[in-house]
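The listed protein sequences correspond, in order, to chains X and E. Numbering-wise (my numbering), the first sequence opens with residue 1 and increments by one. Numbering-wise (my numbering), the second sequence opens with residue 1 and increments by one.
Quick caveat, the hints were computed from the structure, so don't treat them as lab data. One or more of the hints may lead you astray.
Derived DSS-like pairs: lysine-lysine, alpha-carbon spacing no greater than 25 angstroms straight-line [what the hints assert, rightly or not]:
1) E:21 / X:165
2) X:121 / X:157
3) X:71 / X:121
4) X:157 / X:71
5) X:157 / E:14
6) X:121 / E:7
7) X:160 / X:121
8) X:160 / E:21
9) X:160 / E:14
10) E:21 / E:7
11) E:14 / X:71
12) E:14 / X:121
13) X:53 / X:121
14) X:71 / E:21
15) E:7 / X:165
16) X:53 / E:14
17) E:21 / X:121
18) E:7 / X:160
19) E:7 / X:157
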Amino acid sequence: MRLTAEQFRTLYLEHGRRAQGFFMRMMGYDIQLARDMVQDLFTRIWEHRDRFKADASFTTWMFSIAYNMCKNEYRHREVVQTYQEHIMTTTTDIATDDTLEQQQRRQMLAQAINALPENQKPLFLLRYEEELTVPEIARITMLPEGTIKTRLLTALKSVKESMDKYNL
Amino acid sequence: MEKDQLKDLENESKELMELLKATRDIENSALDLPPVDAITTRRKKSYTMRRVSAWWVAAALFVGVFIGNLTNHTPKTDKTSNYATLYADTCRSLADGDVNLALLITHL
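Chain X on its own, in the form it takes in the complex (with noise of 0.2 angstroms):
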């Protein structure tokens, strides 16, 4: 099936903030960044509609194409390095309407999420932000189930002891 124009423009409306949004965490709340990768990931995309299968989840193949770019962008920069800048400017922008207090929970969060490893942040981001399931995770980063689900209990951990930490 070829996605026709229209139906493009729906599935982009629907689905690119949550992309952009994924990969404004995933490189360190580089706004700028997030943005052009997202207009990459949609024309590639448009690019590849023929492949598009309707019985398929548009989710998956959508963050399958994120996930490999992701991947690659890292392998190209050091995104760690630049987050801290970033963070602190991103999160107090967008909190606007919150209480310090929140906002504060909020760079926290952040923060403890930005320190994962490389191999255990995507897999936090796809389960717990984006609401994905292990099987569609899996498909997702070609790995196995119970790596999964090892990475995922390992990082959540660690999430949850920093955010005990600060008794936010």
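Following the hints, complete the assembly by docking chain E onto the known chain X.
Below, chain E without anything else, positioned relative to chain X:
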């Protein structure tokens, strides 16, 4: 084993899960999504550029080889005024797969 442990920990972390989802929603809603037209038209432009460039390179090579066949084949590196011959020699080298980048840069 891991699945049970993971399930247990997820159940114990309800508050954290709520915070994660709330943070995601706030952050995503603040994002500025690029316009969809920028995506559907971007490919066409780049494809057109690539196609035009490829045609121009092919045409230039063809002209160079054609001129080269009408002129002396010996490179005249000491006579830089004879650009047509130098250009033709370079194109012929490229067409033959015998690429001398230094020579090419010097000529260009």
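Holds or violated: residue 21 of chain E and residue 165 of chain X, Cα atoms, limit 25 angstroms.
21 angstroms, holds
Residue 7 of chain E and residue 157 of chain X: Cα distance at most 25 angstroms?
12 angstroms, holds
Between the alpha carbons of residue 14 of chain E and residue 71 of chain X, is the straight-line distance 25 angstroms or under?
30 angstroms, violated
Keeping to a limit of 25 angstroms between CA atoms, is the pair of residue 14 of chain E and residue 121 of chain X held or broken?
19 angstroms, holds
Given the hinted pair residue 71 of chain X and residue 121 of chain X, is their Cα-Cα distance within 25 angstroms?
Roughly 11 angstroms separates the two Cα atoms, so the pair holds.
Can the restraint linking residue 121 of chain X and residue 7 of chain E be considered satisfied, given a maximum Cα separation of 25 angstroms?
OK: residue 121 of chain X and residue 7 of chain E at ~18 angstroms, within 25 angstroms.
25 angstroms limit on alpha-carbon distance, applied to hinted pair residue 53 of chain X and residue 121 of chain X:
28 angstroms, violated
Does residue 121 of chain X sit within 25 angstroms of residue 21 of chain E, going by the straight-line distance between their CA atoms?
With Cα atoms ~16 angstroms apart, residue 21 of chain E and residue 121 of chain X stay inside 25 angstroms; holds.
Residue 21 of chain E paired with residue 7 of chain E [C-alpha distance capped at 25 angstroms]:
18 angstroms, holds
For residue 7 of chain E and residue 165 of chain X, compute the direct alpha-carbon distance and say whether it is at most 25 angstroms.
22 angstroms, holds
Could you grab the alpha-carbon distance between residue 160 of chain X and residue 21 of chain E and see if it respects the 25 angstroms cut-off?
Distance of about 15 angstroms is within 25 angstroms: holds.
Can you confirm whether the C-alpha distance between residue 7 of chain E and residue 160 of chain X stays at or below 25 angstroms?
Holds, because 14 angstroms separates the two Cα atoms, which is no more than 25 angstroms.
Consistency note: the structure conflicts with the earlier hints numbered 11, 13 and 16.
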